[in-house]
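Using the hints provided, position chain A relative to the given structure of chain C.
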Amino acid sequence: MTVDQLGLLASAIAERTVEVAAAGPGEPSWTDGAVVFVDREAGPRDQVRAVAVQACLLAAGSLGPEVLGRIGRRERRYLGVEGHRALAAQEAVLPLGVRGVIDRATAARSGSPAASLALAVSREAIPEPPAVFGVIRSGRVRTAVTAAEGGGDGEGSGRHVPRRESEQVLRELEDGDEGGGEGGFDLFNPVGGGGAAGWLLRRLLGSERGRGGGGQPGADAPTHRSATSRRVARRAALSAATGGLPDDPEAGPGRGAVYPEWNVHAQRYRAAWCTVGEVEPDGEGGEPLVPPDTHGLRRPLARLGLELERRRRQPDGDDIDIDAVVEAQVELAAGSAPDEAVYVDTVRGRRDLSVLVLLDVSGSAGEPSPTGRRVHEHQRAAAAALTLALHDLGDRVALYGFRSLGRQAVQVLPVKRFGDRLDARALSRLAGLEPAAYTRLGAAIRHGASVLEAEGGTARRLLLVLSDGFAYDHGYGGAYGEADARRALAEARRRGTACLCLSIAAGTDVRALRRVFGTAAHAALPHAGTLPATVGPLFRSALQRAEAHRRVSQHRQRAQERLRIEESRT
Amino acid sequence: MSDTTGPYYVPVGHEEQVFRAAFRQGLPILLKGPTGCGKTRFVEAMAAALGRPLITVACHDDLTTADLVGRYLLQGGDTRWVDGPLTRAVREGAICYLDEIVEARQDTTVVLHPLSDHRRQLPIDRLGVTLDAAPGFCLVVSYNPGYQSVLKDLKDSTRQRMVAIALDFPPPDVEEKVVAHEAGTDPETAARLVQLGQAIRRLEAAGLREVASTRVLIAAGRLVGEGLDLRAAAQAAVAGPLTDDPSVTAGLARMIDAYLGGDAES
Chain C
15 MTVDQLGLLA SAIAERTVEV AAAGPGEPSW TDGAVVFVDR EAGPRDQVRA
65 VAVQACLLAA GSLGPEVLGR IGRRERRYLG VEGHRALAAQ EAVLPLGVRG
115 VIDRATAARS GSPAASLALA VSREAIPEPP AVFGVIRSGR VRTAVTAAEG
165 GGDGEGSGRH VPRRESEQVL RELEDGDEGG GEGGFDLFNP VGGGGAAGWL
215 LRRLLGSERG RGGGGQPGAD APTHRSATSR RVARRAALSA ATGGLPDDPE
265 AGPGRGAVYP EWNVHAQRYR AAWCTVGEVE PDGEGGEPLV PPDTHGLRRP
315 LARLGLELER RRRQPDGDDI DIDAVVEAQV ELAAGSAPDE AVYVDTVRGR
365 RDLSVLVLLD VSGSAGEPSP TGRRVHEHQR AAAAALTLAL HDLGDRVALY
415 GFRSLGRQAV QVLPVKRFGD RLDARALSRL AGLEPAAYTR LGAAIRHGAS
465 VLEAEGGTAR RLLLVLSDGF AYDHGYGGAY GEADARRALA EARRRGTACL
515 CLSIAAGTDV RALRRVFGTA AHAALPHAGT LPATVGPLFR SALQRAEAHR
565 RVSQHRQRAQ ERLRIEESRT
Chain A
1277 MSDTTGPYYV PVGHEEQVFR AAFRQGLPIL LKGPTGCGKT RFVEAMAAAL
1327 GRPLITVACH DDLTTADLVG RYLLQGGDTR WVDGPLTRAV REGAICYLDE
1377 IVEARQDTTV VLHPLSDHRR QLPIDRLGVT LDAAPGFCLV VSYNPGYQSV
1427 LKDLKDSTRQ RMVAIALDFP PPDVEEKVVA HEAGTDPETA ARLVQLGQAI
1477 RRLEAAGLRE VASTRVLIAA GRLVGEGLDL RAAAQAAVAG PLTDDPSVTA
1527 GLARMIDAYL GGDAES
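Protein chains in written order, with the numbering used here: chain C, 15 to 584; chain A, 1277 to 1542.
It should be emphasised that the hints constitute simulated quantities derived from the structure, not laboratory data. Just so it is clear, CB atoms sit at the ideal spot from N, CA and C, and this is done for glycine as well.
Restraint ranges, calculated between C-beta atoms of paired labels, are given here:
1) A:1287 - C:337: 38 to 46 Å
2) A:1502 - C:40: 38 to 46 Å
3) C:135 - A:1502: 51 to 59 Å
4) C:473 - A:1301: 45 to 53 Å
5) C:508 - A:1390: 28 to 36 Å
6) A:1301 - C:284: 48 to 56 Å
For the chain C half of the interface with chain A, some residues (derived, Cβ under 7 Å), not all of them:
7) 19
8) 25
9) 336
Derived, one-sided and incomplete: chain C residues facing chain A with beta-carbon distance under 7 Å:
10) 20
11) 21
12) 22
13) 23
14) 26
15) 29
16) 62
17) 109
18) 340
Same shape as in the complex, but just chain A:
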């Protein structure tokens, strides 16, 4: 579906249709899914396919409203207004992607409310103006409802304004294609990496905070492309980032040996 020159994304469900429909209707979109499952890539691919510029903001807990909307700067004793990324997207009609929105403070995200309902307006009180969003403006936020949700959650009033698209790790056949394409490995290597990833994802209570994401599998594949041994690559890119616990590390090493180890005689 996506443009041949655009970022590589393989749709799994009907997420592309939902995105397009929400985009045409001017509805904000909430992307949910575990770390490294392709949320950001999906937005990039959709922005390219829809021909809109993409403005990405990585949210953090120090992000203020001024960081999003804009602020006055000093210039030789005079002040000059500089638009923030959100204001720029509103003016230009771009897709504004707020990555990991729960990381931002809740008082910051409130600025999104008038933008994310029927008004589609951004009030800028420091300028004393209210901007109407240009056609083509679309607000996309992402959030990882896994481990963090205990600590932080989206305000209900924020999330109720969104159209939610739940993404998850792709099924094995798709993930193999993705790993092979992104890492440039042969399908056989990709398949074995994906099988390892799938096995790690089946470990629920093993003390892993996160599981092996598509992203780490691609990283392992890329290391293989650099000439690294498959097992060493998986150890470095998959097992290492997952845990510091020595015995879990040892267990993962055994799994890597079993799934990626020297080809069996059979």
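One chain only, chain C, in its complex shape:
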């Protein structure tokens, strides 16, 4: 048994995602707000108690910045009171074996962290905290502790700065006793740090990111810069949009496919409005992405193509199709030869699915997600996992990135075309994609759908968009962009192409995507780890919907043909 398995217990008591990691033998337990460190050599019961105490401190708000900012050297005295208070406050959720630790007399002396602090500062006698209480390392508690409850990313980067500063000061003042190299605190991480992601995310994504370190090697500098500067740039772009942008800065029309765009204000198309060019992605993007483990994804996806389908009016089958029988009887009674196909059969469909994955590589994907890594990394991991899983299953699959710089320069970056091999080169092309520029969603969807329909080569087609939901380009914002993207999707669906959008770890406005894709064809996932649980039903419902559309249009076509034939007869 390893201590990290106690993460669920800690999360249950703390009522937020908390990870448990091993501390050295004999080391007292402590927490940095996201991770509880416990002695890996301690007995199971002591580990549980130590974890419970630290989780209670987190749940009871004992490690808030307002207390830790004033605690000075009185950490032991504070813990002696506050530990019991926190345990008592959370008693209802504590395992019985932990409740025995509570010293009720001491717990009753304080009603809040502030009161405990006041006691700690006073000269009153305070019992020494038991060993399982561990220690408080105030200098290493992340400020994220309180902010994490507010729920992730949030708009107010301005709000966070002062806290960062105060913590920095705090750390410099008080973190004298720690010799450790890995600081529990990451200046460049957004609020939430690694905490909100929790152990599950790290484990599932196989993160190589050191706990105290920054981003991945080689990606540090841009990540850090983007955490602040991109945000500002985005704001500026937004405000400029309301003031009216100059026309597209890129004058000359690029070479590539030309698509119309829906002008919602005028309620008509702007013909040949967007130019989409396929741009080879920079293949020298460093080492290929480590192929993700697609095991969990394969099962839900495998069943997609081979669904059991009940078909009516079959010549053989395990059930009688009553309607068909009745009709046959009627026909028999009327004297005509009845159709003998009167059974309902359960048929296994064969695989005939092609999928085109569109990956948003616009600048907004460079935003840090609430979990610390950039949205781009989450989306890229999901794209890789889905593409590999579908490819392994024998589906036809293609992966394209997309971004734009005005309507004349919508770029689609083929990472893997339908005909390409899915090899290390493709994975290194994927790894080389770096978020930049803007998002002209509608044009990308139109291009993706037309590539899919031309090259997919199967009856069932799925266009999968991985985007953070921030659609913005020159003259392409807000309601206009949403309406155009919605229109582009409706066009594709009418042609029987299923459309689905996933936003992963994005803190941006998911409601906009909901408006574009509808709730049924859009899902916001907290991280790529939840893909296996969700893709199956999502894919299925998207495909079923497209199937219905296709049947309706086929029906209509046939009706029109019949009409034409009848007209020609008369």
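Chain A alone, transformed into the frame defined by chain C:
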């Protein structure tokens, strides 16, 4: 409140009053709540208390209108009409309970519309008749607005005809009573199982699709009644069904040990 012989149900809010009022007014009822929180049991208890027969239909995505309304069968070359469960309930004045209605296709649920507004009628086009619902007929549908809602949702036109009753897992004291009664365990065992369930429900983002429902806690209690060790029972009935992921399973096992493990010395 409920009849002593009726199914066991402990009301948590004023759901019984709402149900009775809606029943008397002939309004259809929409029960919302997570899996295993007692929706079906609530309907059973109310049907018994109101003295109406209960006709339950478990909805699935292959459910056709004919499955609900009825169909012609062949009998020696002649056809014979057979009522579906919905038509039977309409004729008899029974409570018709459509479990997990979102699983049914939307074109199927449209047949409910004339039944669920002031008309209270069921048109059967194959028979060419329109049935008026007998007094005592009540339409109850249930739906789990959790994880599925991303994929399927009730049509607005359907849900707007309903009176909604939101159910959730009962508070700990009530849930302890329920587990003790249903599983026949002693209150102490029930309390510890409920505490484990409550802890699992506090795990929001741990990768669990569903949380530990009252139903699985009762199942664990029943296994204990069969002589199983408390931890083994919880492992089998609570942790096992929740996840296949090995590390989440390991984490849950540690939680079970902590909450249900050998009694502490204190």
